[in-house]
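Participant: Below are the chains, spelled out letter by letter.
There are 2 protein chains.
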Amino acid sequence: MSAPTISHLGIAVKDLDAAIRLWSLALGRGPSLVTEVADQKVKVAVFPAGPTGGGRIELVAPTSPDSPVSRFLATRGEGLHHVCIYVDDIEAHLRQFKSAGVRLIDETPRLGAEGHRIAFVHPSGMNGVLLELEERSGKL
Amino acid sequence: MSAPTISHLGIAVKDLDAAIRLWSLALGRGPSLVTEVADQKVKVAVFPAGPTGGGRIELVAPTSPDSPVSRFLATRGEGLHHVCIYVDDIEAHLRQFKSAGVRLIDETPRLGAEGHRIAFVHPSGMNGVLLELEERSGKL
Chain E
0 MSAPTISHLG IAVKDLDAAI RLWSLALGRG PSLVTEVADQ KVKVAVFPAG
50 PTGGGRIELV APTSPDSPVS RFLATRGEGL HHVCIYVDDI EAHLRQFKSA
100 GVRLIDETPR LGAEGHRIAF VHPSGMNGVL LELEERSGKL
Chain C
0 MSAPTISHLG IAVKDLDAAI RLWSLALGRG PSLVTEVADQ KVKVAVFPAG
50 PTGGGRIELV APTSPDSPVS RFLATRGEGL HHVCIYVDDI EAHLRQFKSA
100 GVRLIDETPR LGAEGHRIAF VHPSGMNGVL LELEERSGKL
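Protein chains in written order, with numbering that gives the first Met the number 0: chain E, 0 to 139; chain C, 0 to 139.
In short, the hints are calculated from the structure, not lab data.
Every value quoted in this text rests on a predicted model; they were computed, and no experiment measured them.
Certain hints may be false.
With a cut-off of at most 27 Å between alpha-carbon atoms, the simulated DSS-like pairs for lysine-lysine come out as follows [unchecked claim]: (1) C:LYS42 with C:LYS13; (2) E:LYS40 with E:LYS13; (3) C:LYS97 with E:LYS13; (4) C:LYS13 with C:LYS40; (5) C:LYS40 with E:LYS97; (6) E:LYS13 with E:LYS42.
Throw the hints in and build the complete structure from the sequences for me.
Facilitator: Laid out in structure tokens, this is it:
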């Protein structure tokens, strides 16, 4: 298996518009997309990867008090929220984690917002990091 | 300015050896380098970027109770610690942040472990994210 690549990094924020202004300054450009993910009750601003294909940076703000991101903000405050890595075979990855006793949020893959198969690994199993796996389709 | 690219993502951990075993499973390979950064009183395990050049993942464990990472672990616990992005002109970036009233840790660049110019932006100014800027030298 080749070394996985960072798909994106999620940052939990309270005020999406203010955060977009700030991160546009940091990243030298505005977001390529601002969209709502109804499933997760969040709005997301996507800053695309640079020309060499590194990961995207996504600002994530809750649209409802019962969004998972609202719960994160209430307990941890704003900050780095999750990292998503591409994997070749998501089911093989989940099996390996399970054999190693790592706690999973998703025992089986589900469809992400962009139609790829994704699964979350619980932070308690990964040094406090909420890890998302995303199955790459074809060559990156 | 081109869109900045993620240089690396730092994860604060307590037990480096245990974390290396876990993240080797997640990333499908072992670290390419395990080294001590005396300046920061940390040991770092570096998992290189994938073949498409995305960012590295670095596990960071303190070697002393007065390491900045020990303080982070005491207050926040293990988890995502910082993100580093490449920038073309680090001084121009710092000036822009300063004009926008963003709090800086480093007002002027300093030399990082690998000899590149780096500077940290304070998490209080960046939605709780400890942001590192790294000046790229030549083409990535």
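Participant: Now tell me, hint by hint, if it's right for this structure.
Facilitator: Tested hints:
1. C:LYS42 with C:LYS13: The given pair, whose Cα atoms are some 10 Å apart, holds under the 27 Å limit.
2. E:LYS40 with E:LYS13: holds, 13 Å
3. C:LYS97 with E:LYS13: holds, 22 Å
4. C:LYS13 with C:LYS40: holds, 13 Å
5. C:LYS40 with E:LYS97: violated, 34 Å
6. E:LYS13 with E:LYS42: Judged against 27 Å, a Cα distance of about 10 Å means the pair holds.
Taken one by one, the earlier hints fail for this structure only at number 5.
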